[in-house]
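Chemist: Residue numbers (UniProt numbering), protein chains in the order written: chain P, 1 to 546; chain L, 1 to 153.
Among these hints, one or two may not hold up.
From the structure, some residues in chain P lie toward chain L, with a derived Cβ separation under 8 Å [said to hold, decoys possible]:
1. His36
2. Leu38
3. Ser328
4. Val329
5. Val334
6. Glu360
7. Pro365
Hints listed in this document are in silico derivations from the structure and should not be mistaken for laboratory results.
This one's a predicted model, so the numbers in the text were calculated from it and none came from an experiment.
Glycine residues also receive a C-beta, built at the ideal position from the N, C-alpha and C atoms.
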Amino acid sequence: MSENRGGGGGRHLDATGDREVVYCHQCHAEWYNDEHGLECPTCEGQITEIVTPGESDPRPAAEPQSQVPPDFDRIRNHNPWETTDSDPEEADIDEHVTGVRSPGGGPRVTYFTRTIRSRGDGRGERNAEGSEDNPDVVMTDFQNMLSGLIGPAFQAGQPGRSGQDTLFNGGGPFNAGPAGGGNVHTFGGRTTNGHIMGARYTFTTNLPAQGGPGQREGQGDDITALLGNIFGGMGAHQDHVHEHGPRPAGGMPPGLQSLFAALLNPANMRSGDAVYSQEALDQIISNLMEQHPQSNAPGPASPDAIASLPKKKVDEKMLGDDGKGECSVCMDDVQLGEEVVSLPCSHWFHETCVGLWLSEHNTCPICRKGIDSATTPASNTQGATSTSSPSQNPSSPWRDNRGPERPDRLSRSNTTGSRNESRLASIRHFGRLTPTHEDEPAAQAPRRWQVVGDRNPYSTTSERQSDPSSPRRLRSSRQNSDQSAPPPRIRSSRQNSESSGRSYTSDLSSRRRSTTATSQAESGGGSGPFAWLRSRWGDRGTRDGR
Amino acid sequence: MASSQKRITKELAEVLGNPPEGIAVNLVDEGNVHNWNIVMDGPEGSPYEGGKFKLLLVLPTDYPFKPPKISFKTRIWHPNVTFDEHGSMCIGILKPEAWKPSSKIMSVLTATQNLLAEPVPDDAVETSAAEKFKNDRPLFNREAREYTRKYAK
Chain P
1 MSENRGGGGG RHLDATGDRE VVYCHQCHAE WYNDEHGLEC PTCEGQITEI VTPGESDPRP
61 AAEPQSQVPP DFDRIRNHNP WETTDSDPEE ADIDEHVTGV RSPGGGPRVT YFTRTIRSRG
121 DGRGERNAEG SEDNPDVVMT DFQNMLSGLI GPAFQAGQPG RSGQDTLFNG GGPFNAGPAG
181 GGNVHTFGGR TTNGHIMGAR YTFTTNLPAQ GGPGQREGQG DDITALLGNI FGGMGAHQDH
241 VHEHGPRPAG GMPPGLQSLF AALLNPANMR SGDAVYSQEA LDQIISNLME QHPQSNAPGP
301 ASPDAIASLP KKKVDEKMLG DDGKGECSVC MDDVQLGEEV VSLPCSHWFH ETCVGLWLSE
361 HNTCPICRKG IDSATTPASN TQGATSTSSP SQNPSSPWRD NRGPERPDRL SRSNTTGSRN
421 ESRLASIRHF GRLTPTHEDE PAAQAPRRWQ VVGDRNPYST TSERQSDPSS PRRLRSSRQN
481 SDQSAPPPRI RSSRQNSESS GRSYTSDLSS RRRSTTATSQ AESGGGSGPF AWLRSRWGDR
541 GTRDGR
Chain L
1 MASSQKRITK ELAEVLGNPP EGIAVNLVDE GNVHNWNIVM DGPEGSPYEG GKFKLLLVLP
61 TDYPFKPPKI SFKTRIWHPN VTFDEHGSMC IGILKPEAWK PSSKIMSVLT ATQNLLAEPV
121 PDDAVETSAA EKFKNDRPLF NREAREYTRK YAK
């Protein structure tokens with residue numbers, strides 16, 4: 001491919017002239033359209049593009065001549081398959097190439113490169129900092145990488161329990177700076193005789209810096225973002241939990257074994273939105289429950305339900321033996337004849353007192369019994385069948401689960417007691433409702449009662465079943481967040497580079513959009529060597545974008 | 001929030017008038033009923049016996065709709081209390097999902113006392129203490145007594 005490139009500064013063919021220049025996205029060869037046509041003469045790839053000069057030029061920019069020997073250029077280069085002057089932008093274009101025929105028509109070549117980097121134009125900025133090109137820096141990094149691999153303290157990264165924004169902000173172990181200790185390790189497979197089998201992984205460890213001067217300013221940003229990209233798949237929740245999960249102890253076998261152990265650990269079997277094992281799902285759910293203790297609290301009662309609570313004048317029966325009574329919310333004495341609100345559990349309070357509480361939690365302030373399920377029969381007996389269902393239903397899927405029974409279930413002391421209690425309650429519901437429902441003309445009424453009756457035993461006996469809201473909540477909140485899963489991010493940066501050269505957008509939502517667009521567009525017309533990957537990642541992208 | 005102050009004042013009068021055994025209460029600042037200083041004696045028979053533990057009880061402005069917060073100012077080695085400067089305590093009655101407005105400060109205080117006497121290792125925040133409490137009770141008692149002597153005398 002190198003014969004297609006000129007030497008020195010003009011490495012690219014001149015696309016501004018009359019002849020159309022074609023660029024291959026697979027092997028980055030360039031040729032004139034009138035010479036070889038649209039199919040790549042080097043790799044026979046069909047992912048080619050007629051170069052439009054200017055901003056949308058897909059080809060990497062010509063790199064300014066550096067003082068670095070070409071060997072160093074190659075070491076730090078992201079693409080190990082390239083020979084000398086690879087494209088700097090390749091660092092940002094992610095490649096998934098399989099089944100590419102090698103240049104000499106030799107054996108089939110398979111390689112897979114996965115690189116995640118957050119800073120779009122990293123190379124340019126580093127050049128400006130003037131440290132990247134220092135051979136010492138490169139060598140120090142390389143040594144760091146080796147010592148990191150061999151050292152017993154090697155630690156594979158943990159799946160982040162929150163995203164990059166929270167994990168490493170302010171004083172995290174990956175902070176940039178001279179004393180910060182993050183090293184990026186990149187593995188590359190090598191090519192032999194045109195037969196390539198390899199994979200490249202970029203990952204990080206938090207070893208202390210081995211060579212102090214080698215630390216670059218700004219590296220921490222990269223590491224942070226990179227780690228966040230790789231392991232921050234579940235970073236949807238931006239709350240400030242700074243706990244790091246327990247890390248594997250230093251006794252792990254060093255090097256690749258531990259890398260693979262970390263990768264194959266069932267606990268790590270998740271990627272972005274997708275989890276691949278029950279264990280990983282459990283982990284996510286328990287993380288979420290830890291992070292949101294409030295969500296265990298019962299939700300508010302509906303205003304309708306609060307408003308429809310019966311009001312009573314306090315009579316002798318409601319007061320204690322000594323003829324005194326108090327509202328147990330405000331602890332004020334209540335006099336005979338005063339108007340109070342009575343809950344289905346027959347506890348009574350000042351209207352304002354209980355209203356304030358119920359608008360936050362659907363429980364009785366004394367016995368924690370919910371009012372919603374109990375008002376269903378109440379509104380039923382008033383004959384408001386059709387109007388009562390809408391007021392009940394909006395709250396149903398989640399609140400019912402977080403309803404009155406749940407706190408009881410969570411309190412350790414009387415799980416069995418509350419279970420029996422709720423069973424009893426459901427039986428009572430049936431018993432009380434059945435005669436009423438015979439008078440009811442509406443056919444949907446019994447179904448609702450069914451729900452009322454069935455719900456309680458389930459929600460108390462089986463946590464899994466009673467808790468469908470957690471995974472659902474996980475999913476929806478993830479989609480609201482701006483954290484996109486690593487695979488789509490990879491693809492989107494690729495897509496960006498194809499369509500708009502080096503103008504990287506940092507707007508993740510537009511990335512997401514373009515991801516979907518790319519995957520749909522490409523999965524439609526794939527017959528080239530990308531077809532397999534495309535359909536695979538394409539599906540993925542579509543699913544994520546949904 | 002006048003109603004919350006009224007209730008807190010009532011409860012304060014109740015606790016001051018009839019303090020639970022081994023618990024002494026006073027306000028951090030006389031003008032503010034929301035912050036209570038509490039001195040709790042280590043329950044008899046527990047490794048905390050003989051210790052005097054200072055606690056801070058903070059009543060939120062929307063009390064009783066939100067639970068009070070209680071923390072140990074005296075360091076205590078206990079499965080349900082963080083062994084640090086925060087001394088955060090994990091107790092069921094004060095958890096958001098378990099709190100109910102009819103719970104009174106008096107019951108919170110006695111519940112805290114009971115927690116000292118009977119740790120709940122399954123609900124632990126100080127896991128090392130919980131492990132020892134579960135697996136090696138004599139060792140746990142010895143260490144807890146040690147720390148009581150060190151910090152709570």
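Chemist: Which of the listed hints are not met by the structure?
Modeler: The structure breaks hints 1, 2 and 5; every other hint is satisfied.
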